[in-house]
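Turn these sequences into a full structure, and let the hints guide you.
Residues 2 to 369, numbered by this note's numbering, are exactly what the sequence shown covers, in order.
Among these hints, one or two may not hold up.
[As the list claims (entries may be wrong)] Here are the simulated DSS-like cross-link-like pairs (lysine-lysine), alpha carbons at most 30 Å apart as the crow flies:
1. LYS99 x LYS269
2. LYS7 x LYS260
3. LYS365 x LYS92
4. LYS164 x LYS313
[To be verified] Per label pair, the in silico range of CB-to-CB distance:
5. GLU199 x SER357: 51 to 59 Å
6. LYS99 x ASN25: 32 to 40 Å
7. LEU367 x PHE259: 31 to 39 Å
8. GLN32 x HIS141: 54 to 62 Å
9. ARG230 x ARG11: 43 to 51 Å
10. HIS134 x GLU308: 29 to 37 Å
Keep in mind the hints are simulated off the structure, nothing from the lab. All residues carry an ideal CB built from backbone N, CA and C; glycine is no exception.
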Amino acid sequence: MNDILKQQIRNAPRQCITYAAYMNTVLYHPQCGYYMKEREKIGRNGDFLTTSHYSPVFGKVMARLFARLVEQEIVAPEICEIGGGDGAFFKAVLDEWKEMSPNTYNSLRYHVIEKSPDHRERAEDGRVQFHDHLMAFFDHRSFHGIIFSNEWFDALPVHVVQKLDGALYEVFVSMTEHDELIEVYHPLANEEIAEYMEVYDVTLSEQQRIEIPLVMLEMITYLAEHTERAMVFTFDYGYVREEWETPERHSGSLRGYFKHQLVRDPLKHPGDMDLTSHIPFHTLIEKGNEEGLQLVDFLRQDQFLAEAGLLKLLVPTANPDPFSRESKQNRAVRQLVMDGGISSYFHVCLQQKGLSLTSEEWKKLLHQ
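Shown next as structure tokens:
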């Protein structure tokens with residue numbers, strides 16, 4: 002990976018590349034990118050956990066909600082999961098759906114967008130159709146159904162901007178003569194970034210830095226253009242404008258995860274470490290509205306799961322074994338809604354395109 006980065010940097014006009022280019026290489030290079038390599042990345046033996054890997058109960062409660070949307074003919078029986086990873090989510094969804102609603106299950110079409118060949122191989126399942134890129138599925142179609150993603154937007158490449166001595170600089174990645182990765186600063190000249198900061202009212206205090214998710218905006222526009230009648234579920238961690246202005250956001254949110262340890266320097270372990278940044282939900286919502294993706298609901302994941310009926314998955318048991326199936330499920334249910342648990346760090350954004358579901362109708366459906 003170092004040789005690949007060295008070549009890119011040496012060939013760049015100022016011998017430096019944007020953080021977006023750096024992330025795209027270290028995460029998605031066909032042979033050496035973190036997500037593309039053959040190694041376990043998700044789960045207890047990997048570098049990070051997702052809600053889907055925490056327990057199958059997440060997929061179960063979502064299966065029940067998805068099935069209600071289909072049974073009440075709000076959406077077509079077709080699901081597109083973006084960033085399917087190793088398949089933990091869709092396997093839990095399909096297992097639960099088949100058991101509780103066999104009629105709609107038989108008409109269901111499930112698609113998984115997953116760029117990583119390693120993940121596609123690990124997730125192999127005859128019940129779903131895999132696509133290696135968003136465009137491979139959405140091009141030349143107008144989608145009807147459900148679009149779901151969990152921790153997809155946070156892994157997209159971002160640019161980084163910082164305010165120094167009263168001026169805005171873009172932060173680039175370069176390399177010393179000893180082949181060590183370093184940050185360098187150049188006055189902000191990217192017009193797309195400048196426009197983003199103006200449109201979304203981004204102002205920085207002295208020395209503050211922020212991630213600019215231009216790729217996220219492109220993906221929102223693309224999904225809106227290729228969707229006709231759909232519900233879009235986004236599960237991710239991020240912030241809204243008021244939270245971004247707090248002191249703890251002063252140094253930005255771009256981080257790495259390596260063997261379940263948070264690494265604050267994103268230039269460490271290139272190609273061997275996951276990179277992620279908090280997404281600005283206010284931007285996602287505003288851009289979505291602009292493109293025809295109307296906001297239906299936005300709330301914390303623990304609140305969403307509780308309202309969606311997660312507690313109904315608690316099962317009576319007299320088995321004293323803490324490792325029994327019932328005990329594990331009950332423990333997972335409680336931990337997914339407890340204060341300070343994994344769900345308290347995530348938000349759920351629900352948008353609709355081509356539908357007219359009111360907030361009252363949505364809440365009624367959510368609570369069934």
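Hint check:
For the hint linking LYS99 to LYS269, the alpha-carbon distance of about 44 Å lies beyond 30 Å, and the restraint is violated. For the suggested pair LYS7 and LYS260, the alpha carbons sit about 25 Å apart, so the restraint of at most 30 Å is met. Between the alpha carbons of LYS365 and LYS92 the distance comes to roughly 27 Å, so the proposed pair stays at or under 30 Å and holds. In summary, the hint linking LYS164 to LYS313 is not supported, as the alpha carbons are separated by about 49 Å, beyond the 30 Å threshold.
The supplied range of 51 to 59 Å is broken by GLU199 and SER357, whose beta-carbon atoms lie about 33 Å from each other. In this structure, LYS99 and ASN25 meet the distance hint of 32 to 40 Å, their C-beta atoms being roughly 38 Å apart. Separated by about 37 Å at the C-beta atoms, LEU367 and PHE259 satisfy the suggested range of 31 to 39 Å. GLN32 and HIS141 have their C-beta atoms about 30 Å apart, which leaves the hinted 54 to 62 Å range violated.
One distance hint, 43 to 51 Å for the beta-carbon pair ARG230 and ARG11, holds here, with the actual separation near 49 Å. Between HIS134 and GLU308 the CB atoms are about 34 Å apart, so this pair conforms to the stated range of 29 to 37 Å.
Checked against the numbered hints above, the structure violates hints 1, 4, 5, 8; every other hint is satisfied.
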